[in-house]
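S.K.: Here is how the chains run, residue by residue.
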Amino acid sequence: MPSQAINTSSRTPQVDDAGRLKHFLTIEGLDKAQLLRLLDSASAFIGADTEKQKEQASLLEGHTVVNLFFEDSTRTRTTFEIAGKRLGAAVINLNPSRMSTRKGETVLDTVRTLEAMDTDIFVVRDHASGTAHLIARHVPPHVHIINAGDGRHAHPTQAMLDMYTIREHKGDISNLRFAIVGDILHSRVARSQIAALNLLGAREVRVIAPATLLPTEIERLGVTAFTDIDEGLKDIDVIMMLRLQLERMEGKLIPSTQEYFRCYGLNRVRLNRAAPGAVVMHPGPMNRGLEIASDVADSERSLILSQVTNGIAVRMAIMAQLVDAAGVQTA
Amino acid sequence: MPSQAINTSSRTPQVDDAGRLKHFLTIEGLDKAQLLRLLDSASAFIGADTEKQKEQASLLEGHTVVNLFFEDSTRTRTTFEIAGKRLGAAVINLNPSRMSTRKGETVLDTVRTLEAMDTDIFVVRDHASGTAHLIARHVPPHVHIINAGDGRHAHPTQAMLDMYTIREHKGDISNLRFAIVGDILHSRVARSQIAALNLLGAREVRVIAPATLLPTEIERLGVTAFTDIDEGLKDIDVIMMLRLQLERMEGKLIPSTQEYFRCYGLNRVRLNRAAPGAVVMHPGPMNRGLEIASDVADSERSLILSQVTNGIAVRMAIMAQLVDAAGVQTA
Amino acid sequence: MPSQAINTSSRTPQVDDAGRLKHFLTIEGLDKAQLLRLLDSASAFIGADTEKQKEQASLLEGHTVVNLFFEDSTRTRTTFEIAGKRLGAAVINLNPSRMSTRKGETVLDTVRTLEAMDTDIFVVRDHASGTAHLIARHVPPHVHIINAGDGRHAHPTQAMLDMYTIREHKGDISNLRFAIVGDILHSRVARSQIAALNLLGAREVRVIAPATLLPTEIERLGVTAFTDIDEGLKDIDVIMMLRLQLERMEGKLIPSTQEYFRCYGLNRVRLNRAAPGAVVMHPGPMNRGLEIASDVADSERSLILSQVTNGIAVRMAIMAQLVDAAGVQTA
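Residue numbers (numbering that gives the first Met the number 0), protein chains in the order written: chain W, 0 to 330; chain H, 0 to 330; chain S, 0 to 330.
There could be a bad hint or two in this list.
A pair holds if it fits inside one copy or across any two, identical chains being indistinguishable in the list.
Said to hold, decoys possible - In silico BS3-like pairs for lysine-lysine, Cα to Cα no more than 30 Å straight-line: (1) Lys31 / Lys169; (2) Lys233 / Lys31; (3) Lys251 / Lys51; (4) Lys251 / Lys169; (5) Lys53 / Lys21; (6) Lys84 / Lys251; (7) Lys251 / Lys31; (8) Lys21 / Lys233; (9) Lys31 / Lys21; (10) Lys21 / Lys251.
Read the hints as simulated data drawn from the structure, not as lab findings.
Sequences and hints are given; from them, build the entire structure.
M.R.: Following this line, the structure appears as structure tokens:
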């Protein structure tokens, strides 16, 4: 699938003609009002009391959610499993590399088979860019696809939980300056964060990385690139760290873990170069002492555990809205 | 376990003295009325409205279903998992090759242990013929065994969903001619289909395969054997394809995938040799371009996705009837 | 983590200042009344009628239980999964060797992440002694840890289900003589059993093993050690067999399986050396013909399947009490 196709909203079927969300595939193609509506609706899923929880546990009652993870990710899969169960859905975990695709069945045959079992929501993770889009173009109207990460392309629910966490702790995004730090080149998280921040009118978005981990023409996405972290962090309100894939250490992209931490690791001294009260985020799991110092990760400036908590709520909100948009709940 | 024992209904304990179903192990040993009662009861589980779904979700409330898959099969396991959850049961998935049997525990010790946890239904899949029967002979009266495929012997829930699908799309089985095409020799699916079709009074049942994939004395089962597919499909109303195990390609049973497709693959031309309006079935997962051409699999004559949908309903009906027959629901 | 720390009750945070159970980590540090209260409360979870079951299924409604098994154990994991589901909890199974710890995340980061997803109970199994304690010292007050086996240290829920089973079948523990037979050296089960039996005032506790499988200074734990099983079983009322790890056969600790069975295997003749009516227990899975003869395992004197049944009930009781102690149910 050519990467151009992925970013063309007219070809991503995530919004229907009435402007309602049918799938959740990328931030691109959504408008600011849609993002804000999702973020606002997520609050109801944070700290709900027992009465409220019971009500929420009926929102997806009778529905089936399939976690279709062609690429393994226990962490993300678990958040969707918990989110689905708290909404009352039956959640089925599938890791199809071990199943039918090995037997010569294509991805679409797998999806069609599961769909024939009356699945309502597919949460899709794959190492290939575009898989969630491909599936979304081939399912009937009552089936909803959520992209849980596709190749280097997008990880939109991660971006949404990040936006929620920023608004919760730092207020209006249009007043804030952001820096995304780390392996920008390979990061679907960075791509979705940049799209969301720009859509929500961030005052400034910077990316900070060694030149080997910066895509060419990255500035086209509406960011300023820095290779010097100390310079890049100046006046920044929100520092969004990326996870460094240790397996890249063995290639030529990064000299060594010590050298990387010395040049790009976020420590206390660097944190202090940012704006007063700057906060730190990380999608997890962290490599302590590689991209982030332990004392920074555990400091009162770290929003890392808030991100996890909000991740459940945001995913519950997205699932609830997808099903509701289809008229199952309210029509 | 000698194969003779398997087929002797007096030794298969699936029906109690009052004629009620205690286990679901093979089609053999059941009578036509029992099959029809199961098929009729499955309709209630197709397209149920929200009110009906809630009612069904209480049928196995408080019950525990264990998917005991000594041989892995994500597809079949998932259908039983969904069926059990929609009936309100707690479903536990176990793949015992990774667990206790490796530690020296026998199959029966595993079953006795799980049974002591108040399990109500075991869904058993194994590569050895007779495992489900073996277990059924050793469990107490309130425990029910469903055979989800044992060696080359039987896959009775697959045959039942096939019968349901045929009746739904083509009406009374006694008016119809059937051809089962492919690896008859190794197929538990074929064995159960033949038994069900003959019990329900099919007008004719044929099997079509290369001579190397036909059991000797197959005609004793009440079928006519063909090695020429073009001849065998003549006047056939329902074509039941079998999945070809790719691993058999490397042996001497089949020359090559291209050669197999040329000689036995179901394509449009061959479909047109069958009776007008003939339909195509496949238990999945398909090898497109090997046993079946893609355009046939996706054509309006294909019932393949109906089979999947009906598979959930038929398994729900079987589980509900087993538990009910034990008097848990109605006594 | 030094082993001394593990056994010091002042440093094990399992009981709060009001004497209520916050975690369930070891038998050591609990008092007799606490043990008896747990054992008494477990009876309600045995043979409950439908009405009672529905009531119990609401005790952990809205709660999330995470089975965090760093070391795999399908059997123990399944009992906790069933126990949690019967209490109405959402149960998430995680086997973190396959997930984030491989990516460089520490155990505590894994726990903090899951905790941020509003997990209420962690059931922890690890090959290292002290892991459950380590976690318990770092979680907030509303999170409860259950030790499902840590290294050679403790397996307290196993000991509790054993105590329950003994009281059910043989009455008051203070009237009885016990022998624990097998690999005492490596057994966390034995350690927890000895602690529980002594706390409940057992008349006598013996351990029986080859000298190579007896810890030095074992008698400090309040037991008498025997290397001759025939002598050790004399007058014993309850024989508690341990599972022999087959992998130890290859080392120098045991000569051979035949030799071990000849010298230490429990057969009918040896069973008859014990007190009249003596019963046999085993935590499972058994090695038939290695540590125990098949006819003994299956005899009317064997309580092995009762142990399994009671294991679910005892674990339900522990979970219910932990959550209740936190005031969630009754405050």
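S.K.: Evaluate each hint against the coordinates.
M.R.: Here's how the hints hold up against the structure:
Taking the shortest alpha-carbon separations for Lys31 and Lys169, only the intra-copy value of 18 Å comes in at or below 30 Å, while the best inter-copy value is 52 Å. For the homomeric pair Lys233 and Lys31, the shortest alpha-carbon distance inside one copy (28 Å) is at most 30 Å, but the shortest distance between copies (61 Å) is not. In this assembly of identical chains, the alpha carbons of Lys251 and Lys51 never lie at most 30 Å apart, being 52 Å within a copy and 61 Å across copies at closest. Proximity of Lys251 and Lys169 under a CA criterion of 30 Å is satisfied in neither setting, with 38 Å inside one chain copy and 63 Å between copies.
When the C-alpha separation of Lys53 and Lys21 is checked against a cutoff of 30 Å, the pair qualifies both within a copy, at 25 Å, and between copies, at 25 Å. For the identical chains of this complex, Lys84 and Lys251 are neighbours neither inside a copy (43 Å) nor across copies (49 Å), given an alpha-carbon limit of 30 Å. Neither within a single protomer nor between protomers do Lys251 and Lys31 lie at most 30 Å apart by alpha-carbon distance, with minima of 40 Å and 62 Å respectively. Proximity of Lys21 and Lys233 under a CA criterion of 30 Å is satisfied in neither setting, with 40 Å inside one chain copy and 46 Å between copies.
In this assembly of identical chains, the alpha carbons of Lys31 and Lys21 lie at most 30 Å apart only when taken from the same copy (17 Å versus 46 Å across copies). In the homo-oligomer, the alpha carbons of Lys21 and Lys251 never lie at most 30 Å apart, since the shortest distance is 42 Å inside one protomer and 50 Å across protomers.
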